[in-house]
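Chemist: Chain by chain, the residues:
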Amino acid sequence: MDSLLTNYISPYYIKIFTLVGIYIIIALGLNFISGVTGQLSFGHAAFVSIGAYTAAILTTRLQLPFLPSLLVGGLLAAVVGILLGFPILRLTGDYLGIATLGFGEIVIVVFQNMDITGGTIGLSGIAKNTSLSLVVLVVIFTIWSMYRLENSRFGRALMAIREDEIAANVMGINITAYKIQAFGIGTFFAGIGGGLYAHMIQYLNPTDFGFSRSFEYLTFVVLGGLGSIPGTILGTTVLTLAPEFLRFVAEYRMMIYGALMVIMMIFRPRGLLGGVNLSKKIRALKNKKKTTIPSDAR
Amino acid sequence: MSELLKIDNVTINFGGLTAVDSLNMTLTEGNIRALIGPNGAGKSTIFNLVTGIYTPSKGRIIFRGQIINKLPPHKITGRGIARTFQNIRLFSELSVIDNVKIGYHCRSRGSFIDALLRSPAIKREEAHTHERALTCLALMELADKAEEVAGNLSYGEQRRLEIARALATNPALLCLDEPAAGMNPIEKEKLANIIRKIKEMGITIFLVEHDMKFVMNLAEKVTVLDYGKIIASGTPAEVQRNPAVIEAYLGKEVV
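Chains as they are written, first to last, in the numbering used here: chain A, 1 to 298; chain B, 1 to 255.
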């Protein structure tokens with residue numbers, strides 16, 4: 001499929017679009033944790049690294065096929081996310097953020113000191129298994145899952161927790177259990193994204209998954225709109241493409257990310273598409289066309 | 001009429017402060033019971049104890065013959081106790097109907113796997129939840145606001161939405177924490193009628209209120225609390241005549 005595409009698009013663009021897709025998968029995972037459920041995570045890149053290393057080790061050292069390795073990487077990231085969730089998801093707000101930050105740093109140190117991961121030298125010789133078409137399929141699956149999860153009893157419970165934990169609890173929601181499940185789902189997608197990333201870049205180094213990367217993912221989500229699926233996709237696309245096409249952006253990337261965060265918090269704290277419910281907007285438009293009631297004098 | 005809720009010798013301390021002191025109280029099924037008292041008397045604390053937000057330092061809380069004071073709030077809701085909050089706690093960025101649907105959470109089952117698979121059974125459950133939410137909204141005269149964002153409702157509407165959300169949990173006991181606070185006389189009268197309607201549905205009502213007049217016209221039995229202790233209990237007329245109550249509470253108004 002991709003070889004067919006190369007007739008029309010240069011390999012450089014294919015690489016960029018693949019990367020955008022992978023980042024969308026990862027960012028949607030983070031959006032599920034921070035945007036939908038309202039649990040601040042500064043350690044998302046750590047879960048990406050768990051998925052990346054797991055899948056890469058399985059394919060390089062154990063010669064396992066790519067797709068099952070990818071799935072195992074996602075599942076292991078989810079398991080670690082759930083195990084971490086038990087103690088830390090009792091924390092709220094800033095405290096949770098600090099705990100996830102600490103966890104992210106621990107993961108890097110662990111990978112730097114393990115033999116199987118190649119330590120500080122990194123892990124190389126990973127086969128190039130990730131194709132644009134596969135990434136597109138996974139992106140579609142991720143968006144579909146997110147949409148269904150959000151529009152269900154399960155999703156409503158998560159949003160209730162984001163809005164008011166005490167009220168959610170009194171409405172019969174076991175908040176810790178739901179937060180942990182949300183964390184597990186979000187970290188699963190981080191792990192899947194990590195596995196795809198590993199088999200695209202073909203070389204892993206622990207420092208590629210540090211705090212600054214976690215912060216980048218958070219910027220993707222916040223720019224587009226916390227809790228919004230189209231917003232997350234937009235934010236990720238813009239912020240991934242901008243450094244590629246605008247050289248000056250690449251040089252000052254982290255500075256621009258930081259400045260963007262400040263500007264967004266002042267002018268649009270809910271993100272570009274935050275608070276915009278597209279499906280509802282479309283429904284409202286359709287209704288307006290059907291019924292031509294004059295607008296009330298408000 | 002049988003006994004629904006029994007607060008048996010319950011005490012709670014916050015550090016050195018005893019907010020509720022050896023309290024005994026029994027709620028009869030199908031009644032409207034009011035709890036009144038000056039600010040800081042411990043009324044809301046009692047609600048927090050009954051709904052599991054606080055655990056008593058001493059004593060037991062028995063609901064339908066079972067001890068519930070060691071259960072977390074979400075399990076207590078499952079047993080059939082629902083509440084509203086003194087300072088409105090809605091899910092303000094969600095739609096009105098989603099707020100009420102969340103109230104039905106404890107009576108439905110769909111897990112995250114169900115959310116992904118959307119089996120016919122789950123679609124039916126979702127449809128039933130929707131219907132149930134609309135019924136509760138209609139009862140609170142909010143059906144036309146279903147798609148609005150909860151935070152955009154007027155103050156009185158938000159108070160009614162809280163009751164609709166609590167009703168969606170299908171409770172046997174409904175605890176209303178100052179439901180009439182900030183309402184004008186017309187809204188209050190409307191609310192009193194709604195509370196009577198809820199009572200007729202067979203739901204027992206436990207009411208904390210500041211407004212004496214509102215309570216006197218509504219409750220079968222009134223309990224007066226001061227400094228975490230019961231100082232009087234009886235019919236509204238009895239309580240109004242009680243000298244201890246006049247001193248602690250009404251005294252300020254009678255002057």
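Derived by calculation from the structure, the hints in this document are not laboratory data. There's no promise every hint is true.
[Unchecked claim] Here are some of the chain A residues that sit facing chain B, going by a computed Cβ distance under 10 angstroms: (1) R153; (2) R156; (3) I166; (4) A167.
Positions of the beta carbon are idealized from the N, C-alpha and C atoms, including for glycine.
Chemist: Decide, hint by hint, whether the structure agrees.
Modeler: Consistency of the hints with the structure:
{"no.": "1", "hint": "R153", "verdict": "holds, 4 angstroms"}
{"no.": "2", "hint": "R156", "verdict": "holds, 5 angstroms"}
{"no.": "3", "hint": "I166", "verdict": "holds, 7 angstroms"}
{"no.": "4", "hint": "A167", "verdict": "holds, 4 angstroms"}
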